[in-house]
Structure formats: structure tokens, C-alpha cells
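*Asks:* Build out the structure end to end from the sequences listed, making use of the hints.
Protein chains in written order, with my numbering: chain A, 1 to 140; chain B, 1 to 140; chain C, 1 to 140; chain D, 1 to 140.
Treat the hints with care, as some may be off.
One copy or two, it doesn't matter: identical chains are merged, so the pair holds either way.
[Said to hold, decoys possible] Calculated cross-link-like contacts (lysine-lysine; reagent style DSSO-like; alpha-carbon spacing at most 30 angstroms): (1) K123 to K66; (2) K137 to K66; (3) K114 to K140; (4) K77 to K65; (5) K114 to K65.
What the hints contain is simulated information worked out from the structure, not anything from laboratory work.
There are 4 protein chains.
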Amino acid sequence: MYISETPITVRYAETDQMGVVYHANYLVWFELGRTTLISDLGFRYHEIEAQGVVAPVLDIQVSFKKPARYGDQITVKTWVEDYDGLRITYGYEVVNQNNEVCVTGSSVHVCVNKDTFRPIIIKRSYPEWHAAYEKVKRVK
Amino acid sequence: MYISETPITVRYAETDQMGVVYHANYLVWFELGRTTLISDLGFRYHEIEAQGVVAPVLDIQVSFKKPARYGDQITVKTWVEDYDGLRITYGYEVVNQNNEVCVTGSSVHVCVNKDTFRPIIIKRSYPEWHAAYEKVKRVK
Amino acid sequence: MYISETPITVRYAETDQMGVVYHANYLVWFELGRTTLISDLGFRYHEIEAQGVVAPVLDIQVSFKKPARYGDQITVKTWVEDYDGLRITYGYEVVNQNNEVCVTGSSVHVCVNKDTFRPIIIKRSYPEWHAAYEKVKRVK
Amino acid sequence: MYISETPITVRYAETDQMGVVYHANYLVWFELGRTTLISDLGFRYHEIEAQGVVAPVLDIQVSFKKPARYGDQITVKTWVEDYDGLRITYGYEVVNQNNEVCVTGSSVHVCVNKDTFRPIIIKRSYPEWHAAYEKVKRVK
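*Replies:* This is the structure we're talking about:
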């Protein structure tokens, strides 16, 4: 299993008046994690999209362990938790500079046609991506 | 079970280049749903917070069914899915003007002291809130 | 001169750890103000966009007088400060429930073709909008 | 005059359905630019804040030249445009990977006490910061 690492500097805009990172922002960080992982696999998400393919989220699950704060140096660890040729499940772990786990999560995606939102079977339509995902996915 | 309804007009800022509402924004809408529900129960979240109590999210789960779009008139339905005197689980259903379900979800919260982030047992410390939550929670 | 009024409930997500509304969010509120104004004039921004026309911001200026806070009931007042058949300048005043001015600002827009981003002369291409803007713009 | 450079990868969440970066996000990028500049001067904004000092925006002005897009590699250039011992004016230029100017802007700040929001005369209270700002500010 391959785990990508994305460094993130907490933005002031990402904090709320509780004095911590507002919880919805972790979903944005997950997205940055996916972009790094896809890039590490040799692809670029914005080039995929230029071909008319987008990968919306079907399901997302997040567990909040310890709030990230302004000034923290965050790392988002991202991996392919599951993949069946159609659906991709990413796993995430967000840690701070002391290697404390702030957040864990997972998200399920399918590739769809940008205009019709109809699903694309990756295995059939994009054998290169399929091979890459098969190679790095978590073995169970 | 009581279900609150929060009307939401999609903001341009909430869309992304997929032409739909960016998925993290539904978490913000859930928050607006909770605020309405709490207000319908006779409390005001910002007054609770002024007393030194905040209610961070422990866990969140979201299923994306149909994208909301700019121009849509959205309603967030919110209810107390579960409550045990300490933890509150809210349930959510986001529908559009055609009553199509865009998103469903749930989130688990505890009340904590604003400064120490130590949990507060609602049942013991805030009997009025406890009574209100007991009254409206989903019967199983 | 016509002034539209847009009521806004401050969202928790819009606050930052300074305990006030994060300054970039006022630009989002300005956008909501423009949408109300355009709607009051009898048009719908998302329908205009469906015709292939968008109205990006060219210039924006904001003065911050008094921070808006969570719990505040905000009103965004919006008017057409200037209009010459091509460029529209909107004026804004953001007030709280005590009618205290939080923020003032202005923004300059042109209509452009959605695909080419080439400017559209409203006076020539959309005489109905032109008439409406002429009617409500601030007389100097 | 010293100019700091902050590299920024456009986030999907920062785009809107116009297919470009939503305009309010440039204010967030300006904030990242200020953080880098302050860091380059030998200070850390979150440490300043821990001492009870925050630096809210009084005025901001932005000119939008060319939209930034997802996939772009952005650089925010930031400098001290003006400084008088109390007020700081930052200047900004946002360029893309082809060195095309996307956005220019400026913002005026004062340091205030975090709790009272009363202004702090930097020259008097923080001679070290004062010296640093004097050293790097634009000579006119």
C-alpha cells in the first residue's frame, strides 16, 4: 500500500471562533491529499478533468480526534483503501507536527462524465489508471 | 420526533468548477440546520457559547445523492437521531425545490468547556437542554 | 436610487479565531446583495448565466468599520453606484441589528461571454437590463 | 524594498462554476502572503497573536486582471507598501506560472489588543517589529 503525504500550513481563514480549524475544512484537506496521491501515481487531476472526467464524492466519513490549530504544521496522509474497477475509496489520516492524529476519514468516489454525470467504468475506459490503482491499493 | 426546516439559497461562492455545490459546503449547511433546530427548541447557540460551552463535531457521515446547483432553493431538514445525556447525534436530509434528496448525513457532538475542551454531561449540567433533547429525539 | 436589503444570519463557519467574521466573507455577502438587487430588478442571475453571460468582478474596495459577530443579524444594503452601459459599479453597506455600519464597499463588474470572457456591451446586447440599470442608478 | 514570495497551488474548493478561482479567495491568498512576509522578517504571526495582538484589516483594494484557474501554479508577491509606526499597508501581486499578473491589491492594517480591539502603536510597544518594518518598507 502506498501512502502519500501532503504538507499543509493552517490558514487563518480556516479557523473559527472556537480557536480551532473549522471542521468542514478537513474535507478540503482530504481533496488536497487525493490530488497529491493521484500526482504521485503519475496523473494530474486537472488534466483528467480536461478530458471530461470528474470524480465526485459519493460518501464521506470523518472522525475528529484532536483539533488542528493555527500555527500547526499539518500532514495529510492519503491512500487507496479500496478499489473495484469502478468505485475508489480513499483513506486519510491528518497528523500535526507532533505526529498526533487530528482527524481520520474515508471517502468513496466514482468517475463520471463531466456533462452527463454518468458513471465511467475506470477498468474499461482508463486501463492505465486502473493498473495504477490496482498497484497501490491496500491489500486486505 | 421533531424535524426542523432551514431554507437555504445556494451561494455562487459555494459552487465549484464542476458546476455544482462543492461537497464540503453541505457540512456548513448541516451547521445551519442544527442552529435552527436548537433555536426551535428555545435555545440560541451563540448564547450557549457565551456561557463557555461549545459543541464540536466528533464524527460526521455524509452521502451525496444528487448535486445541488446555483439557483436551487434548498431545505435542510434536521432532527435529533440519538441522545444519551452526553452525546447528541443529529440527522440531516438536504432536499431541493423539487423535493429531490441531494444529501443525507449525520453528525455526533458532545458539549465541551470552551477553554479546556473537557466534556460536559448535559444531563447533569444543563437539565433544561436535557429535557428538550429527550422530548424531540427520535424514538426507536 | 433604489437600495435592496438582504438579511444575513452570520454562520459559525464565517468566523475566525479573532472571534469575528473573517474579512473575506464580506465579499460573499456583497455577492448575495447583488443577487437580491438583480432579483428586485426583475432578473435572476442564474438565468442570465444560463444564457452564457457572467459578470466577473474587475475591482473591489472594502472598508472595515466594526466587526460582525456570530449571533448578529446582518443586513446588506446594495445599490447601483454607477453604470455607463458597459461597466456597473455596485455600492454596499453592511449593518448589524443595531444599525451600526460594519463594512462599506464597492465593486466594478462587466458582463462577459461565459466561454470567451470577452466583454458584452449591455446597452447594445441587453436593452432590458440597460433600461433597468439606468432607472435605479444613483443620480449624481 | 523586500518582496516575499508565497507559492500557492489552486484548490478545487477555490474554484466556482465560472471555472475560475472565486474572487474572495484572493483575500485569503493575500493573508498567506502577509504570513510569509512576516515570517521572512523573523516573526511568526501565531506567536504575535499568542501575545494578545491581532492585526485586522481596515481597508482592502483588489484589481482582477486575469482569472487564476485550477492547475495553475500561483505566486503571491507581498511587500510593505507603506508604514508609519501605526498603520501598515501591504502591497500584493498574484502571478501565475507564466508570470502573468492575475490580481493586484493592497490592504491597510493596524495592530490591536485581541480582547479590547484598541489600537497598539507598534513604534512604541514593539520596537523590534517597528525596526523590521522600517527596514523593508517601500522607499518613495
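*Asks:* Hint by hint, note whether the structure agrees.
*Replies:* We went through each hint and held it up to the structure:
no. : hint         : result
1   : K123 to K66  : between (38 angstroms within a copy, 24 angstroms between copies)
2   : K137 to K66  : both (27 angstroms within a copy, 28 angstroms between copies)
3   : K114 to K140 : neither (32 angstroms within a copy, 41 angstroms between copies)
4   : K77 to K65   : both (15 angstroms within a copy, 27 angstroms between copies)
5   : K114 to K65  : between (35 angstroms within a copy, 16 angstroms between copies)
In this structure, the one hint that does not hold is number 3.
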